[in-house]
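Asker: Read off the chains here:
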Amino acid sequence: MNSLFRSQKWSYSFRTIVFIYFIGLIIIPIIGIYTQSFSSGITSFIDNLSDPLAWKAVLLTLKLAAIATLINTAIGTMIGWVLVRYEFPGKRMINSVIDLPFALPTAVAGFIILLLVGPSSLFYEWFGIDVVFHEPAIVLAMVFVTFPFVIRGLQPLLEELDKSEEEAAYTLGSSKSRTFFQIILPTMLPGILSGAMLAFSRAIAEFGAVVLISGNIPGKTLVASVYIFGEIESNNPQGAAAVSVLLLTISFLILWFIHKLNRGGQA
Amino acid sequence: MMMRRLWITLTYIVVSLLLLLPLYKIFTGAWADGLSGFMDALLRAQSLHALKMTGLIVIIVTVINTLFGVMLSIYLVRATWLSPLVKRLSNSIVDLPFAVSPVIGGLMIVLLLGPNTVLGTMLGNVGVSIVYALPGMVLATLFVTFPIMVREVMPVLQEIGDQQEQAASTLGAYSWYTFWKVTWPNIRFAVMYGVVLTVARSLGEFGAVLVVSGNIINKTQTATTLVYQDVENFNVVAANGIALVLAAFSIMLLLLMEWTKKRKEVH
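Going down the list, the protein sequences come from chains A and B. Residue numbers 0 to 266, in numbering that gives the first Met the number 0, belong to the letters of the first sequence in order. Residue numbers 0 to 266, in numbering that gives the first Met the number 0, belong to the letters of the second sequence in order.
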């Protein structure tokens, strides 16, 4: 075995295979979708996007993803704080169950939401509120799927926070709220921010959890990923590619921003 | 102290409503028609076939993604034959699939290798079909899971540094031997954690697979796309049966995640 892997030839061919795989699997498909959407010229690209159903779907997605992100930022910050700072019974159980949305298939998540608040659920019987096939259901699905991001972004930063800084502030006579806003919040902020942005980019990309419960009414509850799916199904790959490119560009910008943020945090 | 009580209570409420209640629902809903209803749903020919397809995809994807992920991580951290610029650039590109909606990931493969494309026609002529067949579904899942392993292994490689490895090779150990005796013991729990995450993601992948597979019953249908189809056909009990099986796997994976995470942190 050893003599086999010792030779330079083997090492070169390994490198080549790994990089061909990397380029073929990741880079070429992404370049492919950009070229495909511009292949019939800029005007047809703009035509595809100016279809009211297309841009309404994109705007709706951005709006609902923003709401879901805000909700998750609030409850995520609270839960992250509680899990690091307080000791209480059941803490370990809660800490392990947080990752459930990452482990559960998104289609199953959508299905459960349908069962819980759908037309034949107890919730509907009791409150009579139409959630499913309306915007709140989409937000709920997005909140569920992106739930762990803010908590997991925040926890390591809070754990590392030097208690002595906080104590020094108290000793110097600073009030509780002032310490929070001047010492603790600045430490937490990068974690909250990068967690929130990951949640946002995941929310605008979400498909499985949303498709079952949004009702997919064009112009009303049709989100971008479901719109893209519909265009593929109705054999319009050009239209699908145009909206995809718009969505991808937004996501890539967010990702780039998170990279910058993380690097800034280390320096 | 009042505040503390309040925060802990709120955390319990959010976690119960958002995570525990859905779990409870999925475990009880499958028995709505009794055990026989559940077994009927599970023993349908299409259910067995779908579960087999999912299992096959999970195994193939996990093996390939682990091998290439670990090798690419080693190259991106250690290789002296790559310029820092190429390393930095590749490092950012690795994350791109995280930002791509699964539907778009599927669309990319259809656009590159679908039956109407140059490559697709060429492959079709020699009798290889990618789209609407297993290879395309594997490719789609590989694309979606690509960053997972690299993101787990790279930080560990960076943290442990290359001193031990250099010492080993100075003492005459061959690279393969150095890898098994020096590098592997350090990264194995990170690799295991990556494997668990990859299994979870490929088990639950829905959007990309739905687009690429065409969701053909008894042929390219997977467990998650079967849940989708059952819901669309208003066959809720059947959908719940499959969803329960998937959820049970997710919980097992969640426990494994917890177990490996603890090992990973102990150095």
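Don't read these hints as lab results, they were simulated from the structure. Where is the CB? At the ideal position from N, CA and C, for every residue including glycine. Mixed in with the good hints there might be a few duds.
Which chain A residues face chain B? A few, computed with CB under 8 angstroms, are given here [what the hints assert, rightly or not]: (1) PRO28; (2) SER39; (3) PHE122; (4) TRP125; (5) LEU192; (6) MET196; (7) SER200; (8) ILE227; (9) ALA240; (10) SER250; (11) ILE253; (12) HIS258; (13) LEU260; (14) ASN261.
Lysine-lysine pairs mimicking BS3-like chemistry, simulated, CA-CA at most 25 angstroms apart [unchecked claim]: (15) B:LYS180 x A:LYS8; (16) A:LYS90 x A:LYS162; (17) B:LYS180 x B:LYS51; (18) A:LYS8 x B:LYS86.
Asker: It remains to establish, for every hint, whether it holds in the given structure.
Answerer: For each hint, the structure was consulted:
{"no.": "1", "hint": "PRO28", "result": "holds (4 angstroms)"}
{"no.": "2", "hint": "SER39", "result": "violated (13 angstroms)"}
{"no.": "3", "hint": "PHE122", "result": "violated (10 angstroms)"}
{"no.": "4", "hint": "TRP125", "result": "violated (14 angstroms)"}
{"no.": "5", "hint": "LEU192", "result": "violated (16 angstroms)"}
{"no.": "6", "hint": "MET196", "result": "violated (10 angstroms)"}
{"no.": "7", "hint": "SER200", "result": "holds (5 angstroms)"}
{"no.": "8", "hint": "ILE227", "result": "holds (5 angstroms)"}
{"no.": "9", "hint": "ALA240", "result": "holds (7 angstroms)"}
{"no.": "10", "hint": "SER250", "result": "holds (4 angstroms)"}
{"no.": "11", "hint": "ILE253", "result": "holds (7 angstroms)"}
{"no.": "12", "hint": "HIS258", "result": "holds (6 angstroms)"}
{"no.": "13", "hint": "LEU260", "result": "violated (13 angstroms)"}
{"no.": "14", "hint": "ASN261", "result": "violated (11 angstroms)"}
{"no.": "15", "hint": "B:LYS180 x A:LYS8", "result": "holds (23 angstroms)"}
{"no.": "16", "hint": "A:LYS90 x A:LYS162", "result": "holds (21 angstroms)"}
{"no.": "17", "hint": "B:LYS180 x B:LYS51", "result": "violated (37 angstroms)"}
{"no.": "18", "hint": "A:LYS8 x B:LYS86", "result": "holds (22 angstroms)"}
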